[in-house]
Structure formats: structure tokens, C-alpha cells
Amino acid sequence: MRFMYIVTPAHPGPPTPELMEAMHKLADREIKAGRMLDSGGLMPVATGAQVRIRDGQLSVVDGPFVEAKEVIGGYAIFELPGKEEAVAAAVEFMQLHKDFMPGWDGTCEVRAFAGP
Amino acid sequence: MTAADINRTILAVWRIEQPRLITSLARMLRDVPLAEDLTQEALLAALERWPETGVPEKPGAWLMATAKRRALDHLRRGRMLERKHELVAWDMEAEQQAMPDLDSALDDDIGDELLRLIFTACHPRLSREARAALALRMICGLTTEEIARAFLLPDATIAQRIVRAKRTLSESGLAYETPHGGELSERLSSVLEVVYLVFNEGYTAARGQDWLRPQLCNEALRMGRVLTSIAPHEPEAHGLLALMELNASRTAARTDAAGEPILMLDQNRALWDQLQIRRGMQALERARELGGAGGIYALQAAIIACHAQARTAGDTDWSRIAGLYAELAAVVRSPIIDLNRAVAVGMAEGPEVALVIVDRLVREPALKGYHLLPSVRGDLLHKLGRYEEARAAFEAAAALAGNRREHDLLRRRAAEAADAAASS
Chain A
0 MRFMYIVTPA HPGPPTPELM EAMHKLADRE IKAGRMLDSG GLMPVATGAQ
50 VRIRDGQLSV VDGPFVEAKE VIGGYAIFEL PGKEEAVAAA VEFMQLHKDF
100 MPGWDGTCEV RAFAGP
Chain B
0 MTAADINRTI LAVWRIEQPR LITSLARMLR DVPLAEDLTQ EALLAALERW
50 PETGVPEKPG AWLMATAKRR ALDHLRRGRM LERKHELVAW DMEAEQQAMP
100 DLDSALDDDI GDELLRLIFT ACHPRLSREA RAALALRMIC GLTTEEIARA
150 FLLPDATIAQ RIVRAKRTLS ESGLAYETPH GGELSERLSS VLEVVYLVFN
200 EGYTAARGQD WLRPQLCNEA LRMGRVLTSI APHEPEAHGL LALMELNASR
250 TAARTDAAGE PILMLDQNRA LWDQLQIRRG MQALERAREL GGAGGIYALQ
300 AAIIACHAQA RTAGDTDWSR IAGLYAELAA VVRSPIIDLN RAVAVGMAEG
350 PEVALVIVDR LVREPALKGY HLLPSVRGDL LHKLGRYEEA RAAFEAAAAL
400 AGNRREHDLL RRRAAEAADA AASS
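Residue numbers (numbering that gives the first Met the number 0), protein chains in the order written: chain A, 0 to 115; chain B, 0 to 423.
Next up, chain B with everything else stripped away, as it sits in the complex:
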């Protein structure tokens, strides 16, 4: 094994063990950010030792023993006293006994601790960006470098974001708490928002060269699955998971061999992932059983489910989709939802009706600078045979698109409209 191979192996073991390490340490130390620091130290110790000694037979137990030793040292040095006054009478004996048995690693159910970890990482006190970075670090075990690469930002920016977020949590006394009752659902929405932010960052990469960054999608999906298993009675957690699974099921069909995007209606549906569609439909069903059919994520999932269940693009139930968008618009006022509803109405009732909705949206300040508005408008105009206006709309859309591949696609559509205008 080369040094790089060993490092990859160590990181792989780390990612599997990390949630259990951090939750065990958080329980011992009653401090999530501190637990995170010490689990990172255990990783560094492994990166230092294992290339010499080889990977131990039970690497998880090694990491756990090392992390706990650091935690105990920490407690012994009494630093905890500065952080938590109630721990003055901390009894080392009791604490030793409270440590989970190293060999029964599979026995402790970490569900509650993991929930606490996720709620801490996604605390509404933190900015959305900080929550996303902290969640990827603490829940998914990504390194600072990996998070920076995923968000196309410098390492230093992410490192600083994480350090600041952890300091904010510690200084605000939020280092170890779990919300209850009414606060729970309010806080859950902050968690779901971050998970969906991470998913979308990977699914429609707003910036950069590539259309998709699958690692972020996968990490968001994983967090979504974790949430539905540790908070199984929350309908919106299932709704969000359904939305992500159903969207991700189209991944293989969304780009051609050259990496150019293929729009949904032109995709080869044989490439849609049926295992993922099945999982998405199950999650949506669960959200409905829990009374959450009208939640914002469940409604969006229901829309995508209409596509997932249509065998061909022509089979799509556009009236139902338009109806679901109307329901969604009643829950959250958003011009982007209105724009999507216009697309569905256009398919169900024809481009004239849709153009009326879209033309109303042109005056909407929130959509100023949003490339999909002129893009949808161009599409409707093209269908109506108003090619010259369509060309202008596609060019305006291309000028606003941040993703290069999307920009190129819109330029191609502008050129097609120009050709149609010339020959009509």
C-alpha cells in the first residue's frame, strides 16, 4: 500500500466510525463542539500511527479508545470546570463507568445523541452556510478540504466558518442541548433546510463547470435517511427524503456523455434509478400516513412523483402537477413556485394560458436576475411561433445563467429560435 492508499483507508474507516465517536464523546463531555475537536485529534493520531503500525484489527475500537483517552485527559485537566459549572462535582469513577464498553460498539443505540448532534450542527443561531459546513463535518465526517472542494471555496474560508460556528455554539451555551415539544418542529425545519441546501448545491450546481456534484447529493441523502430513522414520526423529514430520493433517481439520465445537461422531458427514462424511485415513493407514503401530505417537501415530492411514475414524457399528468403547485403556492408564497406552476399549466392547458402567468411574473422584483424566468418565457414564445421574441428571451436567460453548461444550453436554444425566425 502506498502512503496515499493508507490515508484513503484511514479516512474510510474514519467516516464509518465518526458518528459513534462524536456522539459518545459528546455524551461524556456534554459539549458537542469539544467532542468534535477531540475526534479530529483521534483521526490525526491514526493518520500518524497507522502508516507505521498498519491498520489495527479493530480500527473502530482503536479510534474510540484514543478519542476517549483524549477526552479523559481533558476532563482530568479540569478544563471542563471553566465551561460547565455544574460539573464541579464530576466524579471520575462514575464517569469511567459511564463510558460505553469498547467491545460492544454495536450495542449502544446512538439515535438520541445523533439527533442532538444534528440539531446542534444545524442551530438556527448559525448562518445557513455555517450550518451546512458544520453538518457535513460533524454528521458526514467530511474533512475541511472536502467541504471546501464541494462548495468550490478556499479551504481557509471553510475552516474559518467551522471554527466560528463552533465558537458561537460554545459561547451561546448551545454546546449540548436537545429541543423538546413545540420547539422540536421549529428546529427540525432549520435542519431540513440545511439538508436540502446541501442537496441542491450538488444537484443543480449553481456555479462552476459541472452540472452535478454527486458527493453533496449523496451526503444530503444520507443525512435525510438518518433523520427519518432517528425522528421517524416527523412527516416533513420523510417528505424531504422522498423529494431528494426521487430527484436523485434521475441522476444518470440528466447529462449526456459530454456532461451536457438533458432536460427532464428529453431524458431516457430507462436510466432512472428504480430502487431510488421505490425508496422515494415509500418515504412519500410514510409522510402521508403521518398526516404530512400538505408539507412543503411532501408536496414537492408529490410533484416529482408524477414524473417518476410516468412511463413516457407524454404520460405525465400535468393537470395534477399544476394542482400540486397551486397547493404549494398556498403554503409558501414564492414567485419561483408560480413560475413552475406556469410551466405545468402550459403543458396541461397550452402555452397561451401559461404566458399570461409568466408575463405577470416579469414584474416580480424577486425574479429579477433569475435566468429561468426568461428561459421559461422563451420556451412558451417558441411554442407559440413567436420566434424572434423567443430568441431575445433565451439570450437574456443565457446572460443571467451562472452555470456554464446551462449558459451553453440557453445559447443553443436562442440559436434554434433565430433559425426558426429566419425560415418562417
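Extracted from the complex, chain A is given alone in its bound form:
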């Protein structure tokens, strides 16, 4: 089954070098283990744009966005046997944040792709 991991830090700001290094090692291991298919980090939300429909009106809004609180920082796509493996992998990933960037709060959402 294919899963998308969406990481949402509670506060903006770059990861510490220690966390970066630990995440890099984990990613390297997961690529070598054939489980991680794709991943990427996203540029700050302020540099992006939003295309919205409100009350039937379509509009394009450039960042920064005042109402943006929790924003997606990055994603990864994994191929795993099932949800239990997906959750176990996310726990390991988040444990790194706990170990290498004390005080970091946030969420890693685990979502299965629709389809077979």
C-alpha cells in the first residue's frame, strides 16, 4: 500500500542541523530499504499563492497569508505492507524530532492513497 506522510510543524522555523542530519540518515536508510519512493520539502508558505473559490468567486491570492497557522512543511511517499507499518515508520520519524529538536511540536499525518 502506498502512503503519503504530510508533516505540519506547529511553529514556523527551520529544523536544527542535528535534526536535519538525523532525518537525512533515516531517509537514506528508507530509500536503501526500498520503502521511500519520493519526498520533498516545501518552500515557506509566504512565497506561495492560493487559488480560492469563495461564495462562487474565484480569486488568486499571493502570500503571505495572515490566517495561515499550521502549514505543511514537506511530504514523503512510502510503499509499505499496511497501515501498521506506516504508523510505525511515522513514529520513528517523529521520535527523531523529539530527540534532536527539543521543544518542536507538530504533526505527521499518515494517509493511504486511494486505489488498490
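These are computed hints drawn from the structure, not numbers from a lab.
Since the structure is predicted, the reported quantities are computational estimates derived from the model, not experimental observations.
Any given hint could be a false lead.
Beta-carbon label-pair distances, calculated as ranges [what the hints assert, rightly or not]: (1) B:Leu383 x A:Ala26: 50 to 60 Å; (2) A:Thr7 x B:Arg319: 42 to 52 Å; (3) B:Arg166 x A:Met19: 38 to 48 Å; (4) A:Thr7 x B:Glu51: 33 to 43 Å; (5) B:Glu51 x A:Pro101: 27 to 37 Å; (6) A:Ile76 x B:Arg410: 48 to 58 Å; (7) A:Val70 x B:Glu144: 27 to 37 Å; (8) B:Ser318 x A:Ile76: 32 to 42 Å; (9) A:Pro101 x B:Arg319: 54 to 64 Å; (10) A:Met19 x B:Asp314: 39 to 49 Å; (11) B:Ala256 x A:Glu20: 39 to 49 Å; (12) B:Gly53 x A:Arg110: 24 to 34 Å; (13) A:Pro16 x B:Gly172: 40 to 50 Å.
Subject to a maximum C-alpha distance of 30 Å in a straight line, what follows is the list of computed DSSO-like cross-link-like pairs (lysine-lysine) [as the list claims (entries may be wrong)]: (14) A:Lys31 x B:Lys67; (15) B:Lys67 x A:Lys82; (16) B:Lys57 x A:Lys82; (17) B:Lys67 x B:Lys57; (18) B:Lys67 x A:Lys97; (19) B:Lys57 x A:Lys97; (20) B:Lys67 x A:Lys24.
Glycine residues also receive a C-beta, built at the ideal position from the N, C-alpha and C atoms.
Got chain A sorted already, so can you dock chain B onto it with the hints?
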């Protein structure tokens, strides 16, 4: 959490940690089959303990500590002396220091050990079936029951296969060795063959009710990705990965809602997985860069790539496919490749030309009993308007097909040919 939930969680953690556990222990013990036994013991310990204590905060470190304790006990009891004479002077102090640090689990690069593990599991001394079972067990962390289910065989058969294979390795002194130089590429082909066997077992399930067994495909793909990352200079490893990624990209389109197979040219190409196609094309490109465009897996991948890149079935470059099959036939003599070439020639130049090739193949002893020969013949005859002969060919094909869904498809085609014969 119910007991079943906890067991699933434990197995999930296990599958993530297992390659690192087994490679670390193999390095300590210099014995892959023994390392495998002891990592299994660590799993059993977790299955026993964790339902009571809960899953530890660092489950990987727990498993590693437990497995290492068993390994140390093993060394202390001196059993290693019976297995390896050169270890008589084994120094426990040095060995303790050689143990990887539990907390720096991410630091050890297990690439070389993993390669050794894969080469051991896929040793040419073992039968193909034993290699496949051992690879799924040691590299993918599947349980005996899961492997048995995947191959539709009784648990006892797989368990026995694994025990025997491990004994063969130990008794032949092959428990811990890595091939070098010229031997490497020879041994690699034995590894690739097993990975492709596992993939095909899942991709076109030869037996049973279902057309696809995706778990086997996924495990084979994973082994293929592992091989390309730890043996990055081997073109055929990339070629095989390309072939598997490109074939697997069609998974969602290969069956209808009822699970009936849909042939490639009738598939909805919007369902083909573009991420997987991109990965497949990258792997094929890598194989070519390494000078491996003419390898058997790379050539097959190049054929599938022609399909993957055609936006509609009508856009398919059949002449190129026929040419690639001819190249492939020059590398490996196989009547099955000739049959596939006939299909491509039929699409490129018309059914008459293809039928000449297929009729020559009818006399081929290796294809006696191969259902796709009369199936292809039936298709060509149908296109030529020779419906009565087409019906007979499809019926012969259906009688030979081992997979029920494939059998039904061929019966339907026979009925269509019969209808066409009646109304012509």
C-alpha cells in the same frame, strides 16, 4: 488495543528493523543462517513481552538489545567453536566493542552486510524455490505463514524449505561469504532471477483464484530497489528494477471491478501509475548509462517502456517493440520471446506475417502445454476472419490455462469466435 492489533504492530516494527538486526548479528556471528534464527527469537520475545509491557519507546533498540543478548549467550556457550575453527581465539572484549552502538542505529551503513545477506539467501547452490522463500524471509521479514499464503502452499512446506536451505548453507560452509570480481556478476544473476521469480509469481499468478498477488510484487520491487542502492554499478539490477516498476505501474488498470483481467491494449491508461513509470524510466536510463542497454532485463524493460510512453494503444510503436524482441531473442534463445515477437510483428505488419511465425512455433516442444501459444494463434486467426479455427484455438488455450480468470477470459473469446463464425 486488542491482542491482534498488538501483534500486527509488533510485526510492523519487526519488518522495519529486521534487516538491520540480521545484518548486525551476521557480522557478529559470521553466520547468516544463525543470525536469522536469533533475530526470530527476538521477535518471539517481543510477541511474548510487549502485549504485557506495551510497545517500548524505542522498539528497534529493544529488539536489537534482545537479539544481541542472545547472540552473546550463543558465543559464550562456545557453540561457535564447533562451527568456525578460526574463531577459537575469539576475544569477548573485542567482540563487545565491535557491537554497534544501540543508540546510533542510524549510523551504521548496512549496505555491504545487506548485500552479503542477499547473496547468501540467493545462493545458486539452493533451488529457485528455496532461494525465493529464504529471500522473502531474510530480506523482506515475511513470516513463514505469510510466505506460504503468498505461494499458496502449506505452512509446513515453506517451513521445511527454509530449514533445509539454511542447513545446506551451513553445511556447505556458505554461511558467511561475499562474492568478488567475476563471480559477483554471475552470482548477481542468481539474485536477480529470484527477485523476478517473486515478482512474476505475484504479477501473473499462475495458479489460484486471483490474477494478482500484490504483496509479492511489492516485496520484489522492494528487493529490486535495495539491490540498486547497494549495488549501484550493476546495470542489470537497474534493468530489472525498471522492468518491475514499469510492469507494476499498470496494476490498477489490469483488472475490472469484479477482478477479471483486462488486457493491456484495452486498459484505461489514466489508471497507470505515473510515479512508478517515472521511476521505471529513470532506472532504465541508469541501466543504459552503465552500458547495459542490451541486458535481458533492460531489453524487456525497454519493450514495456514503449507501452508506458504511448498515450493511447494506437500510438504504440510496434515496429520498435518487434525490433527489441528480435534483439532479446539474439541474447536468449526462447520460444516464448519468439511468440511475443510474433504478437508485435502482427501489430506492426499484420496478422498474416505473424501467423507464419506462430505456426512455426507450434512444433516447438518447449511450448507444448503453454496456453498463450494457442491464445495468440486464436487472436491472429480471428483477425484474419478464420473464426472457426480461432474458436478451436481459444478452446485449446482455455483447457491449458491454470489461472481460473484467465481460463474464463479465453472461454469468452472462444464464444465470441463461435458467434462470429455463425454469423459470417
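Do the hints match the structure? See the list:
1. B:Leu383 x A:Ala26: 50 to 60 Å: Given range 50 to 60 Å: holds, Cβ gap about 56 Å.
2. A:Thr7 x B:Arg319: 42 to 52 Å: Holds - the Cβ-Cβ distance for A:Thr7 and B:Arg319, about 47 Å, lies within 42 to 52 Å.
3. B:Arg166 x A:Met19: 38 to 48 Å: 47 Å, holds
4. A:Thr7 x B:Glu51: 33 to 43 Å: 35 Å, holds
5. B:Glu51 x A:Pro101: 27 to 37 Å: 31 Å, holds
6. A:Ile76 x B:Arg410: 48 to 58 Å: 40 Å, violated
7. A:Val70 x B:Glu144: 27 to 37 Å: Roughly 44 Å apart at Cβ, these two residues miss the hinted range, so it is violated.
8. B:Ser318 x A:Ile76: 32 to 42 Å: 36 Å, holds
9. A:Pro101 x B:Arg319: 54 to 64 Å: This hint holds: roughly 58 Å between Cβ atoms.
10. A:Met19 x B:Asp314: 39 to 49 Å: 45 Å, holds
11. B:Ala256 x A:Glu20: 39 to 49 Å: Holds, since B:Ala256 and A:Glu20 (Cβ atoms, about 47 Å apart) stay within the stated range.
12. B:Gly53 x A:Arg110: 24 to 34 Å: Since B:Gly53 and A:Arg110 have Cβ atoms about 26 Å apart, the given range 24 to 34 Å holds.
13. A:Pro16 x B:Gly172: 40 to 50 Å: 47 Å, holds
14. A:Lys31 x B:Lys67: 23 Å, holds
15. B:Lys67 x A:Lys82: 29 Å, holds
16. B:Lys57 x A:Lys82: The hint holds at about 19 Å.
17. B:Lys67 x B:Lys57: 16 Å, holds
18. B:Lys67 x A:Lys97: Between B:Lys67 and A:Lys97 the Cα gap is close to 26 Å, so the pair holds against 30 Å.
19. B:Lys57 x A:Lys97: At roughly 12 Å apart (the allowed maximum being 30 Å), A:Lys97 and B:Lys57 satisfy the hint.
20. B:Lys67 x A:Lys24: 23 Å, holds
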